[in-house]
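Q: So you can see what is in the structure, the chains are spelled out below.
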Amino acid sequence: MFLKGIIKSGEYFDSITLMLITKSITETEGVLEAAVVMGTKENKEILKHSEMLIPEFKNVKDTDLLIVVKIDHKKNTDKIIKVAEKLLKESKHKKEENIDEYSARSIEGAVKQIPGINMAIISVAGKYAGDEAMKALKNGLNVMLFSDNVSLKKEVELKKYAKEKGLLMMGPDCGTAIINGAPLCFANVIKKGDIGIVAASGTGLQEVSCIISKEGGGISQAIGTGGRDVKKGVGGIMFIEGIKALAEDKETKIIVLVSKPPHKEVLKKIADIIVKINKPIVAILLGGNSEAIKNAGGIPAKTLEEAALTAVSISKGKNIDEYKQALKENEKEIENLAKEEAKKIKKGQKYIRGLFSGGTLCDESQLLFKEVIGDVYSNAPLNPDFRLKDVWKSYKHTIVDLGEDEFTVGRPHPMIDFSLRNKRILEEAKDPEVAVILLDLVLGYGSNKNPDKELVPIIKKAYDVLEKEGRYLSIICSITGTDKDPQNKKKIEKELKKAGVIVMKSNAAASKLSNNIIKIIGEE
Amino acid sequence: MAIKDLFEKELKIINIGLFSFKESLEESNFQVFQVNWEPPAGGDEEVLDALKKLLNS
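Residue numbers (our numbering), protein chains in the order written: chain A, 659 to 1182; chain B, 356 to 412.
If you are wondering where the hints come from, they were derived from the structure by calculation, not from laboratory data. There are no misleading hints in this set.
Computed cross-link-like contacts, DSS-like style, restricted to lysine-lysine with a CA-CA straight-line distance of at most 27 Å: (1) Lys890(A) with Lys796(A); (2) Lys911(A) with Lys359(B); (3) Lys367(B) with Lys908(A); (4) Lys997(A) with Lys1119(A); (5) Lys367(B) with Lys812(A); (6) Lys902(A) with Lys359(B); (7) Lys367(B) with Lys850(A); (8) Lys1142(A) with Lys364(B); (9) Lys716(A) with Lys744(A); (10) Lys364(B) with Lys823(A); (11) Lys785(A) with Lys367(B); (12) Lys367(B) with Lys1142(A); (13) Lys1163(A) with Lys849(A); (14) Lys872(A) with Lys1155(A); (15) Lys1163(A) with Lys850(A); (16) Lys911(A) with Lys821(A); (17) Lys359(B) with Lys926(A); (18) Lys359(B) with Lys918(A); (19) Lys752(A) with Lys367(B); (20) Lys821(A) with Lys367(B); (21) Lys849(A) with Lys364(B); (22) Lys1088(A) with Lys1008(A); (23) Lys359(B) with Lys850(A); (24) Lys1004(A) with Lys1177(A); (25) Lys937(A) with Lys952(A); (26) Lys1177(A) with Lys1002(A); (27) Lys937(A) with Lys359(B); (28) Lys821(A) with Lys359(B); (29) Lys908(A) with Lys821(A); (30) Lys367(B) with Lys823(A); (31) Lys744(A) with Lys702(A); (32) Lys662(A) with Lys702(A); (33) Lys364(B) with Lys908(A); (34) Lys737(A) with Lys706(A); (35) Lys976(A) with Lys990(A); (36) Lys982(A) with Lys849(A); (37) Lys359(B) with Lys793(A).
If we strip away everything but chain A, and leave its shape as in the complex, we get:
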């Protein structure tokens, strides 16, 4: 093994670009491990942990680009460095396409240069992001703050200021929103309509908006707040402001609230505000107290799918009981399908392994599983007693969120980079005790552009392994996306089905099918 590193001073690139370059270099023959990062303190710490911090990197700055590769033989060094240089050159070209000599170098500069700017999307490193967001607010801009690692104190400061000025402050750690039809960051292409969403949960917002669009409804606005907004520390500042804004918005006739369980004080604030609003309000608070919503005149939903279908029913002026009946019929179909699948599964195969890229989808799945079977092990468990000792290894019934920090350090999010999950799919398929592999697939802007090309070969490989060992297991997947998304949803669905995947129309349906299978084989 041989370690080679280079420093490129003053070559600044964003983290996703660098992670994608890292991924390409890692896939080059002869490379054991690679890292292409800016020379920040945090990145140097990561390099140190992976034993890739060479002495030359000691005094580098945030604006220095570091390339380091672990190579099998010294003779391959030049070839691999050339690959890295080529990838960097391509990225530089892309940078030049987006930025020219007239581009403003600061928010203040941009506001002066371009009249009428009213929204800033900020995705720079967390330690700078809070200050940049404040600059944007002070210049009268609404903010979508994608970056994470912004302190709670800063978040409260930003949101209090935004509230005072009547501005939207979405985030930090806000991955998706749709404002005036614009899909911001990781959003799907959704029909326009009369349903407004406020969400403290990214994939929750995506799942609800996609189902609304698929069922013929549409979105007026979808406001993201970042998950921490509904916790005690922030106190729901932007969640409440979002509800108020939709209550006053002429285009919005129905409001949907999406969140993980809010803190009880925040829930009280939500209840206090919805009681005053004369528009139907549907709320999915995944595992939260639905009584408070009901008592305040809201309509609590149990799943993201149910919330979306309820909103569409109201939007179309239909009786809510109609969709309830449709859901019941779906459940019967799911039960029958589960019976068919259970027949193919051998004795001794008993566990579910859920491998999620969407955090809220992972939570929803755990909640549905808990109802039928009980708690599951996870890196993000509902019950703290079920925390996985080793997140890299499943234990009994396991449902993991691969988007959590422990899996994403130095690596793009699993909605972009499938390599980690693909590896795990194969590991789970090789485990003779596994009966069901449950997956999510989130489409839309920002997500992997060709997910079928990444996922289908692995599914085929998994089924090859199973065939050789004389076993079968159910691979079940839901797709969060619409036909208008940049990926070709229909083709993806077709390819997955052809490879043997059971594709369900929602995460709730996919989870229910998985639970039913596990329940049936457990009873046999």
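Starting from the structure of chain A, add chain B where the hints point.
A: Just chain B now, kept in the frame of chain A:
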């Protein structure tokens, strides 16, 4: 000003950070301007802290 006022306006966006967010919005026919952002003070934290103190004093 109130948040609802934004809903009645044409969205004009600046992007500070990942290019992909600009590109996807342009695909949907929204106007986005990229800020040529780099870490302040050349990414030197000590200089940055000193600058912040100066600005706040």
